[in-house]
Amino acid sequence: MDRRDVLKLLGLAGLAAVCPVGVSNVSADEPKYKGPFWIMLNAGGGWDPTILCDAKGGKLGSNGEFTDSSVNHFETPLDIGPFKVGPVAWSQTFNGTPVELYSSERFINDHKGRILVINGVDTQTNNHEVGNRVTWAGRPEEGAPALAALLAAYGAKDKDLPLAFMSSGGYDNTAGVVALARSEADLRVVQRVAYPNIGNVENIGNAEDPPTQFFSNETASRIQAAQAERLAAMERATRLPALKTGMGALLLARQGTGSLGALADELASVQAVTVQSAFPEFAGLGDNAFGGDFRNLLQQGQLALHAFRAGVAVAANLSIGGFDTHSNHDNDQTRQMMKLLRAYDYIQILAAQLGLEKNLYVVIGSDFGRTPYYNEGNGKDHWNLTSMILSGPGIEGNRVVGATDAQYKPMRVDPKNVNNVLPDDDKKGVRIEPHHIHRELRRVAGFAGSDLDKQFGLAGDSLKIL
Amino acid sequence: MLASGCDGGGDDCLSARKHLETQVWPKFMGNTCLKCHHPSGVAVAESKAKFVLQPSSFPGFMEANLKMLEEIARIDVDGTPLLLVKPTGGSNHGGGEVIEKDSEEYKALETLVHKLKEPPSCGEEGEPTVEGVVLMTPAQTFRKAAIHLAGRLPTAAEAQKVTTEEALDGALDALMKEEVFLERVREMYNDTILTDKYDWYGSGLNLVNDDDFPKVNDIQDQDQYSPVRRRASKAVAREPLNLVAYVVQQDRSIKEILTANYVVANPFNGLIYDVTGWSNPENENEFKQVQLKTYDGTEIPHAGILTTPAFLNRWPTTPTNRSRGRARQVFESFLAFNVLKISERPVDASKITAVDNPTRNSVYCAVCHTTLDPLAGAFRGWAEQGDYTKFYPGASWHNDMVSPGFGGEDLPPSHYDKGLQWMAQKLVDDPRFAISTVYTVYTGITGHQPLSYPANPESPTYSDQLKAWDAQDAFFRSAAEQLAASGWNLKSVVKAVIKSPYFRGVTAGNPSPEQLADIGGGRLLPPEMMNRKIRAITGVYWGRFDGNGYRQDWLTRETYQNYFILYGGMDSDSVVRHLKTPNGTVAAVANRMANEMACGLTAWDFTKPVEGRRFFPRVERTVVPESAGNTVPASVNLIKENIAYLHHLILGEQLTPTDPEIERTYKLFLDTWHEMQATEETRLPWWCRGRWDRATGKELPEELHINEDPDGTIRAWQAVMAYLMMDYKFIFE
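If you read the sequences in order, they're chains A and B. Under my numbering, the letters of the first sequence match residues 1 to 466, in that order. Under my numbering, the letters of the second sequence match residues 1 to 733, in that order.
Derived by calculation from the structure, the hints in this document are not laboratory data. Only a predicted model underlies this, so the values are computations on that prediction, with no experimental measurement involved. Don't take every hint at face value.
Said to hold, decoys possible - Label pairs and their computed distance ranges (CB to CB):
{"#": "1", "chain 1": "B", "residue 1": "63", "chain 2": "A", "residue 2": "270", "range": "43 to 49 Å"}
{"#": "2", "chain 1": "A", "residue 1": "271", "chain 2": "B", "residue 2": "280", "range": "43 to 49 Å"}
{"#": "3", "chain 1": "A", "residue 1": "217", "chain 2": "B", "residue 2": "610", "range": "31 to 37 Å"}
To be verified - Covered, in the sense of this in silico footprint (three residues per stretch, anywhere, with C-beta under 8 Å from a C-beta of chain A), are these stretches of chain B:
{"#": "4", "segment": "110-122"}
{"#": "5", "segment": "185-198"}
{"#": "6", "segment": "284-292"}
{"#": "7", "segment": "480-486"}
{"#": "8", "segment": "668-678"}
{"#": "9", "segment": "683-690"}
Every residue, glycine too, gets a C-beta built ideally from N, C-alpha and C.
Assemble the whole structure, with the sequences as input and the hints as a guide.
Listed below in structure tokens is the structure:
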């Protein structure tokens with residue numbers, strides 16, 4: 001049974017939950033996916049844009065210390081082109097010598113040409129669960145699919161993409177439009193999975209001692225065909241929806257296993273990235289310098305980009321936590337922020353090496369922002385305003401849209417020209433909300449107007465941001 | 001279809017609950033009234049209304065609302081029930097007139113008030129059920145339960161005996177005394193408390209305060225691969241889950257998982273806590289109650305799971321968080337209540353700054369904090385690292401927080417130094433604890449979350465959705481009642497779920513897919529369960545033996561280069577949910593498993609005498625389907641007999657010889673055999689030869705080796721084995 005038959009069968013069975021909506025024309029030759037590719041980079045817990053791209057300085061009192069109303073413990077933001085940047089950096093000491101991981105200033109200077117910063121984004125929540133959802137789905141309702149899931153389902157239509165939506169965390173609800181795949185960066189494991197009929201995958205490419213198969217290709221195909229027939233027969237016969245859904249999902253999942261070989265081939269000569277191999281300046285600091293979560297994030301990015309190049313994935317969620325800094329904010333928030341930004345830096349470097357940079361979207365976001373003041377534990381609590389950073393084809397860089405005032409309160413934009421910032425009490429203006437950004441991302445992705453777009457529509461009006 | 005149980009009574013016979021559920025809540029109260037009387041709604045949060053309606057995300061919300069309505073229904077204003085006065089705009093209703101007098105809504109409300117004051121007296125209302133569901137037989141149910149709960153197949157004696165519901169009951173009781181069942185219980189609870197995050201290469205040992213328990217240093221100093229070190233670490237990491245296992249093992253009240261004034265030690269964390277006297281020092285399921293003391297001799301006020309270092313570290317706190325995060329998790333894990341769901345209305349934080357102490361005084365924040373903060377206050381004395389640091393009687397708590405307590409009752413000063421012990425008792429006495437326990441077991445067994453109350457009354461399938469929810473809700477309430485009646489023995493809930501249509505439904509005459517939602521399970525087995533099932537069916541785990549003869553299973557987390565996460569496993573840290581739907585990689589892992597297992601098992605089984613074979617008791621490898629191009633009927637019959645035997649062994653199917661599935665499998669065998677006849681290659685692939693005992697990894701005596709397949713049957717049977725082991729019925733339950 002080929003994919004066309006499976007999809008036809010699922011359609012007849014009404015299995016929309018496991019069948020990408022809009023599938024109607026299945027190509028015979030099943031081309032691999034060539035882009036665009038999407039990375040959603042999540043700062044888990046609520047980041048603080050006031051130390052990065054919507055920077056606010058603090059005020060010194062007469063005693064030379066920052067006053068209680070200080071937004072931050074630095075005085076003056078840096079002006080870099082259109083960006084207001086927090087003068088913060090994070091370093092770790094190695095053998096008595098501090099080594100800087102990154103700074104907000106370096107991040108902006110390194111990437112200003114490609115990034116669009118959207119400030120003053122009103123999530124309308126201080127609730128992690130809702131904030132996470134509204135930022136990455138554009139809708140606050142429970143069960144809303146992540147944008148990455150929708151784009152993966154849309155990109156995967158007509159194709160066998162077993163890893164269409166890879167997630168390492170963050171908001172990854174799929175609403176059943178696409179199967180969620182976990183990441184696994186170990187090459188040998190990926191090879192074994194990609195070539196389930198080969199016993200000794202380590203011998204792949206070894207002409208002198210070639211790998212051994214469990215079954216001849218003919219037998220392997222016969223087993224698969226018999227299995228597909230049996231599964232389809234069972235699926236037709238069962239009346240229980242829970243069973244029917246599982247059977248349909250398995251039928252569809254099996255159609256995508258063949259193209260895993262492309263990923264294994266892609267990874268054949270790749271070593272798992274370490275902090276040292278990613279950044280020559282950190283040579284000698286150890287593979288896990290700056291924390292295991294940093295290396296883990298780099299590895300998530302590495303696998304996603306190679307999966308993109310192999311043509312087996314459309315979208316990937318990358319996530320790092322530790323941003324919920326209710327205490328010790330200055331150190332902890334800055335540390336996690338620099339890991340996040342340096343990972344973005346690595347993603348762009350590797351994307352360029354792999355020839356993907358012109359076809360790659362990266363969206364950076366978080367649950368919400370943090371208060372424009374410190375609590376008694378030198379932490380910052382939840383704040384509904386935040387920022388998002390976008391880059392990718394069709395997104396004009398070196399640009400800032402939206403704003404907040406000096407005390408990090410909301411401002412509005414002119415809906416006719418978002419470059420005009422208006423005070424919050426000017427009701428002609430609108431506060432930028434996540435749904436505005438999502439609608440724009442759907443548009444640039446070519447996704448707007450699709451069946452999936454209609455099925456999972458967004459509330460509110462559009463706003464020309466991109 | 002639901003049985004009303006009130007024959008011929010019509011609407012007059014509907015109970016107040018049923019009337020609320022079908023005529024009032026979905027038609028207007030669940031939207032018009034709830035909008036403002038939700039715990040975070042304007043009427044409650046800003047006008048302090050006493051009439052509070054719980055949304056459907058609140059466990060047992062219908063009962064909670066019914067109780068509230070019963071209280072309000074007693075109040076009259078000038079002879080008219082307040083419940084009718086307010087919505088029509090009277091008695092200073094803040095929302096004005098939301099229901100017109102003489103409207104359908106008013107009449108429905110009037111009927112509700114009447115039923116609340118004078119409950120209908122036309123007999124007991126039957127429990128709603130989904131009609132037309134065909135259940136597995138007792139034998140089929142027991143096979144599924146045995147694999148599910150005990151990781152084994154029924155014995156021959158059990159298979160013979162379990163033919164009635166009564167026998168099934170007895171067999172389930174026996175099953176729940178087995179060791180693997182304890183592991184299943186741990187898995188169910190880890191799905192919610194996620195403390196297995198620390199069951200990872202010695203990280204559990206880091207949770208122990210070496211000032212209080214210096215012997216941990218001796219174990220820490222051992223080689224990281226030392227079995228004792230790893231098992232001690234596991235025992236510490238699993239203190240919360242082992243407490244659950246102990247309570248279940250000893251048939252104690254499940255309430256003790258929160259109220260136990262002890263920790264459970266096994267022989268491995270016993271090394272740290274200086275506990276001796278074990279009957280089997282290797283048995284990780286031998287438990288003892290221990291009262292721990294700090295370095296200065298202070299008795300630690302244990303409160304079950306809540307005071308274990310693993311729980312306290314997994315749900316950490318900070319000086320400003322003040323254990324609110326812990327409180328949130330307690331609500332979610334033990335009262336099935338997601339506090340965050342009560343605060344989903346839009347927030348404009350820019351207005352919060354004008355309010356002093358927003359967690360108490362801003363409606364945006366207080367809506368959650370008035371619930372969270374009292375419970376958080378009970379964690380006083382427990383440090384960020386999970387150590388007991390004491391909280392001296394008389395010491396003040398944070399004055400800017402709502403006072404510690406529960407359900408409006410303040411924590412008594414006499415318990416300031418052991419607040420969690422007081423709180424634990426309050427938690428287990430809350431009706432939501434029983435419902436939460438049922439949810440945990442139900443989800444742990446079926447892999448499904450409880451159905452959500454249908455949200456859209458305008459949906460054409462609303463009525464069917466409501467019936468499905470109603471039937472499931474009734475089942476949950478019944479299971480909760482059984483739990484209480486059993487002396488709070490968790491096994492009563494397990495048994496209820498196993499015997500319910502949600503586990504054993506196999507087909508249905510009911511034509512409505514919405515009514516049948518969740519019936520019959522259909523769970524993609526998580527890797528832990530798949531690992532055990534492979535062993536149960538084949539007698540062998542899927543994995544390899546390393547150079548030292550240690551078994552390494554591919555579907556467990558700790559084996560180097562495993563498939564655990566790819567196959568949908570949780571590390572309980574960043575990956576905290578099981579995969580419910582197979583994706584391409586899951587399907588590929590299953591294919592690889594089937595190929596490897598078929599390869600390893602087939603020739604090996606033929607090395608045994610026929611009476612000792614697990615897979616091929618009906619055939620020899622010399623039994624071929626054709627001779628000189630002609631079918632050999634006797635041989636074909638034997639082959640089909642063995643195929644039917646394998647369908648039963650591997651998939652649990654009882655098929656007649658003429659079943660189309662037997663024919664399909666036979667065709668696979670025959671076509672593969674034909675292919676082998678056409679090739680000159682007779683050697684088996686190295687991996688697939690009968691040279692090793694696959695259960696031990698040891699090489700067989702040379703005279704038993706099977707390296708060649710001159711008849712082509714081994715490779716044909718290998719294809720059949722792979723075909724069956726990658727089947728839906730093998731990888732789902």
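Okay, the hints, checked on the actual structure:
Between residue 63 of chain B and residue 270 of chain A the Cβ separation comes to about 57 Å, which falls outside the hinted range of 43 to 49 Å. Checked against the given bound of 43 to 49 Å, the beta carbons of residue 271 of chain A and residue 280 of chain B, roughly 46 Å apart, stay inside it. For residue 217 of chain A paired with residue 610 of chain B, a C-beta distance near 33 Å keeps the hint of 31 to 37 Å intact. Interface restraint, the segment 110-122 of chain B with chain A: violated (0 residues with C-beta to C-beta distance below 8 Å; minimum three).
A stretch counts as covered by a chain when three or more of its residues have a beta carbon under 8 Å from one of that chain; for the segment 185-198 of chain B and chain A the count is 0, and the coverage is violated. Beta-carbon proximity to chain A at under 8 Å applies to 0 residues in the segment 284-292 of chain B; the threshold of 3 is not reached and the given coverage is violated. Against chain A, the segment 480-486 of chain B contributes 0 residues with a C-beta closer than 8 Å to a partner C-beta. That does not satisfy the three-residue criterion, and the hint is violated. Proximity of the segment 668-678 of chain B to chain A, defined as three or more residues with a beta carbon under 8 Å from a beta carbon of that chain, is established by the 4 residues found.
With 4 residues having a Cβ less than 8 Å from any Cβ of chain A, the segment 683-690 of chain B passes the three-residue criterion, so the hint holds.
Taken one by one, the earlier hints fail for this structure at numbers 1, 4, 5, 6 and 7, listed in ascending order.
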